[in-house]
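Chemist: Residues per chain, in single letters:
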Amino acid sequence: MSDSETLKIKDLHVSTTEGKEILRGVNLEIKRGEVHALMGPNGSGKSTLGYAIMGHPGYEVTQGSITLGDQDVLEMEPNERARAGIFLAFQRPMAIPGVKMADFLRHAATNVRRPDRKEGEELIPMREFRKELNQKMDQLRMDKEFARRYVNDGFSGGEMKRAEILQLAMLRPKFAILDETDSGLDVDAVRLASQSIADIGGKDMGILIITHHEHLLEHNRPDFTHVILGGRIVETGGPELALELHKQGYDRIRAAYPEAAAADAALKQTEPAGAH
Amino acid sequence: MATDVAAKPKFGEINKYDFHTDSKAVFKARKGLDADIVRQISDMKNEPAWMRDFRLRSLEIFNAKPMPRWGGAIDLDFQDIYYYLKPADRQGKTWDEVPDEIKKTFDRLGIPEAEKKFLAGVKAQFESEVIYGSLKEDLTKQGVIFTDTDTAIREYPDLVREYFATIIPPADNKFAALNSAVWSGGSFIYVPKGVKIEFPLQAYFRINAENMGQFERTLIIVDEGAEVHYVEGCTAPMYSTESLHSAVVEIIVKKHARCRYTTIQNWANNIYNLVTKRAVAYEGALMEWIDGNLGSRLTMKYPAVYMMEPGARGEILSIAFSSAGQHQDAGAKVVHCAPNTSSRIISKSISKNGGRSSYRGLVKVESGARKSKSSVVCDALILDSASRSDTYPYLEIDEQDVTIGHEASVSRIGEEQLFYLTSRGLSEPEASTMIVNGFIEPLIKELPMEYAVEMNRLIELQMEGSVG
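If you're matching them up, the sequences are chains B and H in order. Residue 0 is where the first sequence starts when you use numbering that gives the first Met the number 0, and the numbers rise one by one after that. Residue 0 is where the second sequence starts when you use numbering that gives the first Met the number 0, and the numbers rise one by one after that.
Don't take each hint at face value.
Said to hold, decoys possible - Below 25 Å or equal to it, Euclidean Cα-Cα: the simulated PhoX-like pairs (lysine-lysine) are:
1. K143(B) / K444(H)
2. K99(B) / K444(H)
3. K140(H) / K30(H)
4. K30(H) / K85(H)
5. K363(H) / K115(H)
6. K9(B) / K19(B)
Stated by the list, open to error - Covered, in the sense of this in silico footprint (three residues per stretch, anywhere, with C-beta under 8 Å from a C-beta of chain B), are these stretches of chain H:
7. 403-417
8. 435-446
Stated by the list, open to error - Selected chain B positions facing chain H (Cβ under 10 Å, derived; list incomplete):
9. P56
10. R80
11. F103
I should point out that these hints are in silico values taken from the structure, not numbers from a laboratory. Backbone N, C-alpha and C fix where the C-beta goes; we use that ideal spot for every residue, glycine too.
With the hints as constraints, model all of the structure from the sequences given.
Modeler: Structure (structure tokens):
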């Protein structure tokens, strides 16, 4: 893939809008077709990185850059980032009561496929959209009823994650960040999710998988594994690094990078559990 | 100069309803309100003496009553309003008989088209008079009456006199008294025993002239075991001065009958909409009000159901949307006068761009109305910090053996919800509209499809326009 299809993150510093610094200089390059695993203890900044790439208004980039080819991602609104081909599967997706999954997906898919579309302009024809949606739901072994339910409203944890994968399948982004898309799923469901993500991703999607578990990586063998600690990527390796961390945890990493470990500990002291 | 009413408005055009027609009135009373004007209206209509006396008595009540000291701010000069304007010599039975300029107005509002597609009957009121009326022939044969109230007084005097002003007497409130003095037009419906009307009857109210007051008076009688769905729509062009719409609607739902009354109110933002609507429901009867308030400068309207006999039910579903310069003070009243009666109130309001929405509701249970049930749910959605929402629930319970539920919520469109939707490619306005449409979805799905589409479209227009 050419350089114009690379998502580049350089020296990224991100604070919350309350001014608390979470990321302290992240460097990461993802090419299309590559799978990257991002691992690290709770609260080390994994979700914040996903939010910053997608443009969450609760986070402020204070230094560094994110580019997609020659496009400055930081200059874009979240919907422009989506239309440019970036996707974030949320760790905790939001419920939108009263809005049917199918309506939401039809709007989303239309905008992502026709980036210049203005509000009020036509959507993908209903028949065509339905056919595609039904096909995708079949592949993901989802009940058709799902499309008529309100977005994430009253969904179980597992249903939410499957809904995120359905969105990934419908929007087919260039780059996908999957933030703990395996949490809340049982082992069989994780295997199905893992297989589905591999099928959807194919050879031309760049994927950043944030996970604590090995199962999601089963069908998505990472080309690179990154370890984040204290808001910085401290080590990068191959698939064997992911395996090591699964088996042995982060003690070796903490010992090897005392400065990052100290920053990590400091972050956690002031932060409510599980916020990032 | 007439606006070009033939041009079809584009989708999403905010001022779809903001056009006026250069229509020549057949008769226009002078501005202002006094006994002479009231007599003149009565003379024009060739009314019986009892109605003329009723009007004059009502005028005295209006003059004696103070302005309401609650609700919204009413800044109106009652002497600066035209109380009666007759737009045409006679009512058309076909659209071809309606004066051209007026017909074009209703064409543009899509009424003849809707009539062909899915309505059982139509009344179109322009200024003070109903200028077009139709009813499907099979319904006429079954004895259904759907006419304007003026005609009803002439043709069905006994039926009208038995019920007229019995549900809402002139002394009920200042604006009911005003309507009683100067009323003109409105619908009269009688559905005979056991007749179930499958398709809706629709009335459309249009104010066209500046400084116009519209005071229609509607009376609906649904006889035992009968069913009807009546729908009203209202629009007006935007002028720089205020206009007044003050209707009175009385409904009698007899034993085991059902009546559903749907309003889609989209008045221009210079109109005071001060309306009294009340129904009485007898044994096993069901009265449903579906009340959508999107337009007007100030709306004060609290559709009521009095449950008079055991097993009567009342349901009031309302949606209010207020944007810049608008105050929707809307709500509901349910009065349980008999055992085993039940009521349900669901109110949803949306406030945007400095708009203000208030829910004002009364649940009253009379002593002896045992085993009665009432549930009230009111949810408010506020789109920005300049906007406001208030809830004024009143409970008067004089019976121990009852079940009463009340839930209220106020929410703001969450940053997290917006981010979630925009991260999927939706623009921020599109995302907000989607959240708002979802918020009112539980009510919209109660509407027949055509009106659901209309409501969603109006909400989208409200969401687009910064100055509605």
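Chemist: Hint by hint, note whether the structure agrees.
Modeler: How the hints compare with the structure:
1. K143(B) / K444(H): Distance ~20 Å between K143(B) and K444(H) Cα, so the pair holds.
2. K99(B) / K444(H): Roughly 12 Å separates the two Cα atoms, so the pair holds.
3. K140(H) / K30(H): violated (43 Å)
4. K30(H) / K85(H): holds (14 Å)
5. K363(H) / K115(H): With Cα atoms ~42 Å apart, K363(H) and K115(H) exceed 25 Å; violated.
6. K9(B) / K19(B): Judged against 25 Å, a Cα distance of about 20 Å means the pair holds.
7. 403-417: holds (count 4)
8. 435-446: holds (count 6)
9. P56: Check passed: Cβ of P56(B) comes within 6 Å of chain H, closer than 10 Å.
10. R80: holds (7 Å)
11. F103: holds (7 Å)
In summary, the structure is inconsistent with hints 3 and 5 from the numbered list given earlier, while agreeing with the others.
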